[in-house]
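Taken in order, these protein sequences are the chains called S and A. The numbering of the first sequence is my numbering, which starts it at 1 and goes up by one. The numbering of the second sequence is my numbering, which starts it at 231 and goes up by one.
Honestly, I wouldn't trust all of these hints.
[What the hints assert, rightly or not] Calculated lysine-lysine pairs in the DSBU-like style (CA-CA distance at most 30 Å, straight line): (1) A:239 x S:138; (2) S:138 x A:382; (3) A:239 x S:33; (4) A:385 x A:313; (5) S:33 x S:53; (6) A:297 x A:323; (7) A:313 x A:239; (8) S:33 x A:382; (9) A:239 x A:323; (10) S:33 x A:400; (11) A:400 x S:53; (12) A:244 x S:33; (13) S:138 x S:33; (14) A:244 x A:323; (15) A:313 x S:138; (16) A:382 x A:313.
No wet-lab data here; the hints were simulated from the structure.
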Amino acid sequence: MKRNVHWWLLVMVAVALLFPQLSIAHGVDDSTKQFLQNNQGVQFIPFMYIGAKHMVTGYDHLLFLVGVLFFLYRPRDVILYVSMFTLGHSLTLLVGVYGDIQVNAYLIDAIIGLSVIYKGFDNLGGFQRLLGYQPNPKAAVLVFGLFHGFGLATKLQEFQLPEEGLLSNLIGFNLGVELGQLLALMFILLAINFWRRFDSFQRFTVATNTALMSAGFMLVGLHLTGYFLG
Amino acid sequence: MNMNTLQSKSALLKASAVSLVTAILALVILILPAEYNIDPTGIGAELGLTVFNQAPQVEKTESPAGKHAIEVTVPVGRGIEYKLHMEQYQTVKYQWSTDGDAVYVDLHGEPQGDTSGYFESYTIASVREMNGQFTAPFTGSHGWYWRNRSDKDIKITLSIEGDFVVEGLKN
């Protein structure tokens, strides 16, 4: 069994080395920026690609998904929760960009950080312990999904996208986001379900979710600082 | 859903406190210095993390016969700007042409450090090519704004010669 863990670690390190982009900052890189600024008309596949890339490299979205999936192992639950999240973020992504709803990117990113704290705290049993009852986790995923969608929208709204072909491009971007999410989900589920077979999963439950909360606090601090600096 | 909850309120508070303190330490020591150049402890600078935010020094090395040539595409209905940093009274000789239709051009300059949006135009025209030279009336950012009002993408070839530092394409 121990040997397996070593192999797994090796695979993870290899993946990390092969995709250095996964570890760099979560934004839009220069070549994508240039594409978005010069874009014209319908560019379905490129927008889909940007969406997928944004999700796969978007550690804030991924941390939230790790938190959501941490205790889910039945396929039915996984599908249900992921659907709630997808429904939430697709709605605000489409409505936000198409309806030209301006939200402050820093505040939205801070709220996304808050969603990570919330889920980590929830996984620690915090609400039951503190409030004596469990807020509906499905509703929470849906509501935070709405905020994640606004976050995705602000990334596109930084660029004045031409009206021409906007809806098609948006749908392409959204579809890409879902494909990227699916890809990321496979890795997250594979890793969590593999780990679940070991005793260490139980032993590190508290540590993992504490770390998750901590990462959420970092995101909130980072983006609130950005907000106050203007 | 969560079968593995913490056994006591104090354990919960401890976990929350640990996560918050870790986050604050990471923010203050590492993240804020690297992201925003805010470095209350000085550790960020010691570690070299503040390099990301040191303002890019515009190179002041003036090659007496600086030469530069670029090709840019102006998409249909869009405008692009290509700028040079020039000191007051520095001169640039330029020549550019399109691969097809005429393009709207505004050759202009913005004073360094100006935030009011002020600019001074030296030439405004809709043409297929242009040759000339201009002397910067003030230190700042000088260059061309091209706008494509035709129904085809337009490629522009520009060559410049003189005293300048390339700033490049602007939004």
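Hints, one by one, checked against the model:
A distance of roughly 24 Å separates the Cα atoms of residue 239 of chain A and residue 138 of chain S; the hinted pair therefore holds under the 30 Å criterion. Proposed proximity of residue 138 of chain S and residue 382 of chain A is contradicted: the alpha carbons are some 50 Å apart, above 30 Å. Taken as a hint, the residue 239 of chain A and residue 33 of chain S pair is broken in the structure, with Cα atoms around 48 Å apart against an allowance of 30 Å. Our distance criterion of 30 Å between C-alpha atoms is met by residue 385 of chain A and residue 313 of chain A, whose separation comes to about 17 Å.
Restraint check for residue 33 of chain S and residue 53 of chain S: satisfied, since their Cα atoms lie roughly 13 Å apart, inside the 30 Å limit. A hinted pair counts as satisfied when its Cα atoms are at most 30 Å apart, and residue 297 of chain A with residue 323 of chain A qualifies at roughly 9 Å. As the CA atoms of residue 313 of chain A and residue 239 of chain A are separated by approximately 61 Å, the hinted pair breaks the 30 Å bound. Of the supplied pair hints, the one linking residue 33 of chain S and residue 382 of chain A holds, its CA atoms being roughly 22 Å apart against a limit of 30 Å.
Pair hint residue 239 of chain A plus residue 323 of chain A does not hold up; C-alpha atoms about 75 Å apart against a cutoff of 30 Å. Proximity of residue 33 of chain S to residue 400 of chain A is assessed by CA-CA distance (about 12 Å); at most 30 Å being required, the pair is judged to hold. Between residue 400 of chain A and residue 53 of chain S the alpha-carbon distance is near 25 Å, which keeps this suggested pair within the 30 Å criterion. Distance hint between residue 244 of chain A and residue 33 of chain S is unfulfilled; the C-alpha atoms sit about 43 Å from each other, more than 30 Å.
Note on residue 138 of chain S and residue 33 of chain S: the hinted pairing is violated, with a Cα-Cα distance of about 35 Å set against a maximum of 30 Å. Among the hinted pairs, residue 244 of chain A with residue 323 of chain A is inconsistent with the structure: their alpha-carbon atoms are about 69 Å apart, more than 30 Å. The hinted pair formed by residue 313 of chain A and residue 138 of chain S fails the criterion: a straight-line CA distance of about 52 Å is larger than 30 Å. Between residue 382 of chain A and residue 313 of chain A the alpha-carbon distance is near 24 Å, which keeps this suggested pair within the 30 Å criterion.
Going down the numbered hints, you'll see the structure goes against 2, 3, 7, 9, 12, 13, 14 and 15, while the others check out.
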